Amino acid sequence: MSAGSLVVAAILVIPALGAAVLALLPDDRIGGRLNAVASFLTLACALVLLVERPAPGPFLIVDDLNVVFIVLSTLVGFTTSVFSASYIAHELEAGHLTPAYLRFYHAMYQVLMFGMNLALLSNNVGLMWVAVELATLTTVLMVGIYRTPAALEAAWKYFLLGSVGIALALFGTILVYLAARSVVGEGLDAMAWSVLVQHAAQFDPALLNLSFVFLLLGYGTKVGLVPLHAWLPDAHAEGPTPISAVLSGLLLNVALFAVLRFKSIMSANPAALAPGPLMVTLGLASVVFASLMLYRRQDIKRLFAYSSIEHMGIVTFAFGMGGTLANFAGLLHMTLHSLTKSAIFFCVGHIAQVKGTQRMADIRGLTASHPVLGWSLALGVVAIAGLPPMGLFMTEFLIVTSTFAREPALAVILGLALLVALGALFLRLNGLAFGDPDGRSDPAKASFLPVALHLVLVLVAGIWLPPALVSWFQHVATLLN
Amino acid sequence: MTGQLAFDVAHLFAGGLVLVSFMLLYQDRMTGLINTFALHALVVSLSVAWQAAIQDAPHLYITAAIALVVKAVVIPLALHRIVVRLGIHRTIEPVVGIGLTMLAGIGLVALSIMVMLPITAQAGTLAREDLAFALSVILLGLLMMIARRNAVSQVIGFMSIENGLILAATGAKGMPLVVEISVAFSILVALIVIGIFLFRIRERFETVDIHLLHEHRGEQP
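Chains as they are written, first to last, in the numbering used here: chain A, 1 to 481; chain B, 482 to 702.
Derived by calculation from the structure, the hints in this document are not laboratory data. None of the values given here were measured: they were computed from a predicted structure. Don't take each hint at face value.
Unchecked claim - In silico negatives: residues of chain B with every beta carbon more than 10 Å from chain A:
1) GLY484
2) GLY496
3) TYR507
4) ILE535
5) ILE547
6) LEU549
7) LEU558
8) ALA559
9) GLY578
10) MET597
11) ILE600
Unchecked claim - For each label pair, taking beta carbons as the anchor points, the in silico distance ranges come out as:
12) TYR295/A x LEU558/B: 49 to 55 Å
13) LEU500/B x GLU93/A: 39 to 45 Å
14) LEU558/B x LEU479/A: 48 to 54 Å
15) ARG510/B x PRO58/A: 46 to 52 Å
16) ILE463/A x ILE543/B: 55 to 61 Å
17) GLY513/B x ALA201/A: 24 to 30 Å
18) LEU24/A x GLY513/B: 40 to 46 Å
19) HIS475/A x LEU598/B: 40 to 46 Å
20) LEU273/A x ARG562/B: 47 to 53 Å
We put the beta carbon where it would ideally sit given N, CA and C, even for glycine.
The shape of chain A in the complex, shown without the other chains (with noise of 0.2 Å):
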């Protein structure tokens, strides 16, 4: 066995252990930090592929579309981790969760974790399915733990939708494996993406269309694409905060992942459906009804929530438009959006704390009260609004550039949401963090940490990229082309 499987079988083993050692044990104060453990050590093995990585098989692959979002993912864990403990402690003695479902919780999130790392690292498009419908159901189990009824609807409408998401894209992808079969022949082969991407341009082009608008639609719902969105507010508003920032900063993209891999076996077909303009629509329509929704919301969880579908919807855009700068921007758009939001989360789960609420007319002057969860929120708002210096404004303004040398009138509409966006996001961080502070304040308890390590990432990447990440993601959009 070489080091590069050793290490992606740790991957996936560590959260497996991991979850089982949280289950059964019984000190609730040691589960934080062990879930913290956990999640670091994954982490260390997810950095190792960086330089050692094993040959692909007929089930794990590592390439360097998926590394980059094995490292993300396992980073993003990590931090929340750690985020996690301090906030999940708070919540046992406001009284809000007892041991017993503190033990489950982290548990979970260790299961969340091995289905997401499995999914990003499957070769095999059934494995990948049925990963991603193990993180589901994880965080369908989540965001109903707090069992008031406005959580169990939440999750009972996340798992609705989310269900049928993932039976559309089971039927999606006994499309695929039909349209191998004629190709590479019965078994594994005809499953495994490494081989489908090679012999796609023999498949019968009907039988890949028909496919792909089912698993466009099965993980678009995942994605969080208009109109398939119904269910993300309400997961992100009503569950525990830490999962609204696994949900937001990592499943979406594993989703998203599952839509690039088959976009990559559509595009290498020459007579099949261009998949870009669909992707261009579900995006485009998305960034547009969300910076619309930004407006009208009360719930400090639910607006960034909303904000989270403009985001995956940018994303979507710039891989529907395609071309190297796109899908380069689209890459590190998403990368930092995850940290971005998952900060913004972070911020919010201890402000909720705090203040008792998370209506955001009861919060005020958040700065003045707290100063530095206000300023971290502000700054957070500031980088997901997309203004310099931080990252996303780089990000953003590849894709509208691009966009504009191609289809002006879509990068127009593109533009003018994404003002839209920066007005009501700003419109609501003045209320939030500015002003006389009032109501409840209980001094903040809080490991910053997490939220400083990804606010200064975002704002490194706005200044300064490092010449290394940029050329691996330049050569990994080229690869999406």
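Start from chain A and add chain B according to the hints.
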């Protein structure tokens, strides 16, 4: 056994599944709905067993056995117990009238046949019809989830979608074992849903009528 007979019987089961999906749509009592779902699962397990025989793929017998034991026996029994314990065995409240639902169902079947048959011309006759029927079952399951507001009906609608997916997966000859893993997985889904959600909903609301949940939306405009 001639090829034609094998084909006809496979057709019979797949067509039968679509028929039972229609029967699910017009049930107006909870017990009737659960029994019809048991029949749905029975037909799907027969269909899978037949595919196992004609494709010479013994591993599909496992899928058939799982469908038979879990979906046709264990889950219906559990649902009966839940329904009796919660006292909701009386009528099912439809969102859309039964006649309209049936008409929409017929439209969906026509749609799936029109979509699938021309496209799958190269996929082989057996897979071709199976896929058209499977898509019909999936769409009818979706329709059921939309047209019924009761949580138990929605879970049954979801499980009938799973049955349609099994039909499609077994019709695609030689699809690797991953599908069986996923099928076992979806049964787990059904169990989780029944076990956790129904009881949680019951604890809080004294009802499993999803409609009432909407009053608790986290945000009023």
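- [ ] For HIS475/A and LEU598/B, compare the CB-CB distance with the range 40 to 46 Å and indicate the outcome.
- [x] For LEU598/B against HIS475/A, whose Cβ atoms are near 43 Å apart, the range 40 to 46 Å holds.
Task: Range agreement (Cβ of GLU93/A with Cβ of LEU500/B, hint 39 to 45 Å) - done: 57 Å, violated
- [ ] Mind checking the hinted window 49 to 55 Å against the Cβ distance between TYR295/A and LEU558/B?
- [x] 51 Å, holds
- [ ] Classify the label on ALA559/B as holds or violated, using whether its beta-carbon is more than 10 Å from each beta-carbon of chain A.
- [x] 18 Å, holds
Task: Interface exclusion of ILE600/B relative to chain A, criterion Cβ beyond 10 Å - done: Contrary to the label, ILE600/B does not stay out of reach of chain A, its closest Cβ about 4 Å off (not over 10 Å).
TODO: Test the statement that TYR507/B is away from the interface with chain A: the closest C-beta pair must be farther apart than 10 Å.
DONE: Label holds. Min Cβ-Cβ 22 Å, cutoff 10 Å.
Task: Beyond 10 Å from each Cβ of chain A, as asserted for MET597/B - done: 8 Å, violated
Open item on the list: Within 24 to 30 Å: is that where the Cβ-Cβ distance between GLY513/B and ALA201/A falls?
Closed with: Because 52 Å falls outside the window, the suggested range is violated.
- [ ] Could you check that no beta carbon of chain A comes within 10 Å of the beta carbon of LEU558/B?
- [x] 22 Å, holds
- [ ] With 46 to 52 Å as the target window, see if ARG510/B and PRO58/A comply at their CB atoms.
- [x] 48 Å, holds
Task: Exclusion check [GLY578/B not at the chain A interface, CB over 10 Å] - done: Consistent with the label, GLY578/B stays out of reach of chain A, its closest Cβ about 22 Å off (over 10 Å).
- [ ] Using the Cβ atoms, figure out if ILE463/A sits within 55 to 61 Å of ILE543/B.
- [x] 58 Å, holds
Hint compliance for this structure: hints 10, 11, 13 and 17 are not met, and every other hint is.
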